[in-house]
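J.: Chains as they are written, first to last, in this note's numbering: chain A, 2 to 262; chain R, 208 to 516.
Worth flagging that the hints you see were computed from the coordinates, not collected in a lab.
Where hints are given, some of them may not hold.
Chain R side only, calculated, beta carbon under 8 Å to chain A, not exhaustive [said to hold, decoys possible]:
1) Ile-317
2) Arg-391
3) Asp-395
4) His-401
5) Ser-402
We put the CB at the ideal spot given by N, CA and C, even for glycine.
Below are the chains, spelled out letter by letter.
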Amino acid sequence: MRAPDTSEILLQVEGVSLAFGGVKALREVSFNIKKGEIRAIIGPNGAGKTSMLNVINGFYHPNHGAITFKGRTRARMQPFEAARGGIARTFQNVALFKGMSALDNIMTGRVLKVRRGVLWQMLRYGPALKEEIEHRHRVEEIIDFLEIEAIRKVPVARLPYGLQKRVELGRALAMEPDLLLLDEPMAGMNLEEKEDMSRFIIDVNNHYGTTIALIEHDMAVVMDLSDRVAVLDHGVKIADGTPDEVKSNQTVIDAYLGVAH
Amino acid sequence: MIALGQFLEVLIGGLMSGVLYSLVALGFVLIFKASGVFNFAQGAMVLLAGLALVRALDLLVAHGVPFWAAIVLGIGFGAAIMAATAWLIERFVIGPLVNQDGLTLFMSTIGVTFVLEGAAEMIFGSDVYPLRLFPTDAWFVFEDLFPGGILVNKLDVWGALIAGILVAGLAIFFQRTKTGRALRAVADDHLAAHSVGIPISWIWFVVWLVAGLVALVAATVWGTKLGVQFSITFLALKALPVLIIGGLTSIPGAIVGGLVVGAGEKIAEVYLGPSIGGGIEYWFPYVLALAVLLVRPQGLFGERIIERI
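Make the full structure from the sequences, and use the hints.
T.: Dropping the structure here:
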């Protein structure tokens with residue numbers, strides 16, 4: 002296990018609370034994500050993990066607390082603004098553009114990077130053509146990297162679940178994000194698929210130096226992958242540290258296994 | 208030869224008028240493709256665009272502005288009105304309904320239809336306003352091949368030309384530009400589109416604007432044909448079989464659907480009509496549409512939706 006390159010903090014979550022009516026999804030949660038690390042957020046069902054991710058990329062707006070990303074504390078922010086700032090994500094229940102091919106799906110990840118105007122693109126002329134080829138080239142690299150060459154032209158609705166998840170990861174990678182949020186990247190996968198996905202996550206982190214925050218249910222996977230782990234239970238952070246520290250933490254064990262009252 | 212000549216005349220006339228239906232159907236396809244909303248208000252948008260154009264034109268000409276300058280200004284005014292409409296619809300109707308299901312959005316466009324019709328007639332008046340943008344006389348072609356030649360309406364030729372250019376432009380726009388790709392993405396999945404950095408409200412404004420401009424183009428042709436008047440809104444009903452036949456998501460499909468409907472209704476009227484009493488032109492397209500629904504529910508060019516069970 003390699004240590005994170007620097008101790009520079011990429012994202013700081015400070016005292017974030019989120020409520021839906023009377024349901025408190027998050028209570029005073031604070032933690033940080035350092036540049037270059039793989040950070041896991043774990044917890045039992047309903048612990049507020051996905052809510053936390055949704056707060057980070059702007060789908061939800063916290064009732065209290067602040068989020069500082071790349072040194073800038075932000076006010077209310079829309080998801081597309083988060084994307085512009087360099088935050089990409091995948092979803093718990095795969096959210097792909099079902100009518101499009103795998104290739105087109107991944108190309109949508111390049112939308113923000115396209116610089117040439119609509120007219121130039123329509124004419125497919127000169128600089129616009131060159132730019133399109135560059136984007137396509139980057140996308141082909143990602144396709145090779147994720148080993149999905151064979152299905153690039155297949156409409157994603159026809160693909161098995163494991164491959165859909167891979168295409169979704171590809172789309173997020175195409176954005177060349179500074180921070181990649183993965184919401185249960187291995188949910189519903191068999192052992193072999195889980196191993197593949199783990200390998201991709203580690204490779205993304207090594208190869209592109211992308212900082213990754215992931216939510217996962219499967220404790221074994223998380224402990225192998227992550228540099229640091231935060232544990233949520235009922236919207237409260239109950240532990241934070243290296244996998245070994247968290248594993249031996251009595252509160253965490255109780256939360257996962259239940260305690261006799 | 209007379210029979211063949213007559214058949215060709217009916218066929219060509221039908222195909223051409225079919226293209227004019229396509230102009231209206233295109234607006235539906237655009238909005239459906241980009242937001243999954245079946246926009247019932249497209250016919251009302253044609254009426255609004257036409258009224259804005261013709262009233263501005265009349266006013267300018269009455270004040271001594273040269274006709275060509277008046278046309279340019281009038282079209283500019285019509286476009287501005289459609290832009291304002293697109294903004295209002297996004298801001299107050301479609302925007303707040305993000306993530307609602309298709310039926311809710313469809314119902315909201317029915318509401319929009321009546322508001323637009325009412326507002327358009329209140330602001331611009333409710334008479335029949337003649338519009339003269341294109342020649343409306345006829346050509347006779349192939350006079351040496353067939354006795355009397357084949358009659359071709361010049362307005363229809365203009366309409367076909369304009370529709371061809373529009374379709375080519377829109378197809379390229381959807382396939383090649385980042386905005387086109389973003390439009391398709393938004394239609395598929397709002398959340399995912401947000402997450403890759405596509406600003407949905409902007410995209411929806413763009414698509415309603417483009418649909419508004421297509422309505423303006425349709426209004427120039429149909430306004431010249433019928434005069435700008437309330438009954439133009441019923442074009443929306445004519446566009447339905449075109450959409451079902453061509454497929455709701457396909458721009459080329461709108462054209463092919465229009466051709467099938469146009470040729471089908473004229474041929475049926477001329478050759479089947481007399482034996483069963485005539486007037487079948489008005490409902491025959493729906494028979495065609497039903498037949499297509501039974502064989503290919505997604506239309507000839509529509510995207511096939513595959514549900515994994």
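J.: Just pull the numbers of the violated hints for me, sorted ascending.
T.: Of the numbered hints, just 1 does not hold.
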